[in-house]
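Residue numbers (this note's numbering), protein chains in the order written: chain A, 39 to 96; chain B, 2 to 208.
FYI, nobody ran anything at the bench for these hints, they're computed from the structure.
Do not rely on the hints blindly, as some may be mistaken.
Counterexamples of contact, computed for chain A against chain B with all Cβ distances above 10 angstroms [to be verified]:
hint: 1; residue: Ala-57
hint: 2; residue: Val-61
hint: 3; residue: Ser-64
hint: 4; residue: Leu-65
According to the in silico footprint, chain B covers these stretches of chain A (three or more CB under 8 angstroms from chain B) [said to hold, decoys possible]:
hint: 5; stretch: 40 to 46
hint: 6; stretch: 79 to 93
Even glycine gets a Cβ: it sits at the ideal position worked out from N, Cα and C.
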Amino acid sequence: MLEAAALLELPVSAVRVLAAGLVDLSLVLARAPIPPAERFDPDLLKRVADGLRALKHH
Amino acid sequence: MAYAPSSTTSGSTTSGIHLPDTARELVKILIAGPFGVGKTTLIDSVSEIRPLHTEERLSEASVHVDDLDGVREKSTTTVAIDFGRISLPGGIVLYLFGTPGQERFRALWDDIAYGALGALVLVDSRRIDASFDVLGLVEESGLPYAVAFNTFPDAPLHHTEQQLRAALDLEPGTPLVTCDARDADSSLDALLALVQHLIDRDPPEHR
Numbered sequence: 039m040l041e042a043a044a045l046l047e048l049p050v051s052a053v054r055v056l057a058a059g060l061v062d063l064s065l066v067l068a069r070a071p072i073p074p075a076e077r078f079d080p081d082l083l084k085r086v087a088d089g090l091r092a093l094k095h096h
Numbered sequence: 002m003a004y005a006p007s008s009t010t011s012g013s014t015t016s017g018i019h020l021p022d023t024a025r026e027l028v029k030i031l032i033a034g035p036f037g038v039g040k041t042t043l044i045d046s047v048s049e050i051r052p053l054h055t056e057e058r059l060s061e062a063s064v065h066v067d068d069l070d071g072v073r074e075k076s077t078t079t080v081a082i083d084f085g086r087i088s089l090p091g092g093i094v095l096y097l098f099g100t101p102g103q104e105r106f107r108a109l110w111d112d113i114a115y116g117a118l119g120a121l122v123l124v125d126s127r128r129i130d131a132s133f134d135v136l137g138l139v140e141e142s143g144l145p146y147a148v149a150f151n152t153f154p155d156a157p158l159h160h161t162e163q164q165l166r167a168a169l170d171l172e173p174g175t176p177l178v179t180c181d182a183r184d185a186d187s188s189l190d191a192l193l194a195l196v197q198h199l200i201d202r203d204p205p206e207h208r
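Use the sequences and the hints to build the structure in full.
Have a look at this one:
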């Protein structure tokens, strides 16, 4: 929702109303979000660190 | 209403604005700090999407609330949150939430902190005491954090790391780095210091 608002340059509240309308009309499929990554998974943290390093100097 | 010109939309193939289908893991890091410390700037410098700012012009009404001493040129302030996104190789998507330092937003903290890996606390060495509220909030929330001094051009250089640590009452294990929030690599380094801290404090246990 936040991302859509950022891309559309609209207030989040407006996008929320818009999205609700689209869901009502079955034009948008609402599904459960990807579950948040488990906290403190060392493997995940390492991959985040590797990813950040890979992003530098480009 | 402002829409992005179509030329830039069609030409933006390098860093797509839409999430790749491979994105499977979402992680969240908070960028915390007092008013005017550069949270918005840092998120701007590393986010691949044009960050969402819920920012308003500073008005007369906030003159007595938001202390502008030492941040002369500031004409806008983040009312609720900034939001940015970095897609990392390997399908991880890192979300950055710039969170307000103002004590009056305390009610938002629990929601914003929920599920976050940790917090990067930005500090302005010209106004160290302005960071106390934020550090208190972060510590209360139990989030692990790292501290980054945003290097302003006229920031005093005479502080030693020891003095800064003592001023902020930091635990010996809490990372303290300096960064230039305007610079992407420098900001990534600060984020790396935080992530490395999370790795170090949480050694893999054999269970």
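So, going through the hints one by one against the coordinates:
1. Ala-57: 15 angstroms, holds
2. Val-61: 19 angstroms, holds
3. Ser-64: With a cut-off of 10 angstroms, Ser-64 of chain A remains clear of chain B, as the shortest Cβ separation is near 22 angstroms.
4. Leu-65: 18 angstroms, holds
5. 40 to 46: Three-residue rule met by the stretch 40 to 46 of chain A, so holds; n is 5.
6. 79 to 93: Our answer is that it holds, as 13 residues pass the Cβ test (under 8 angstroms) against chain B, meeting three.
In terms of the numbered hints stated before, the structure departs from none.
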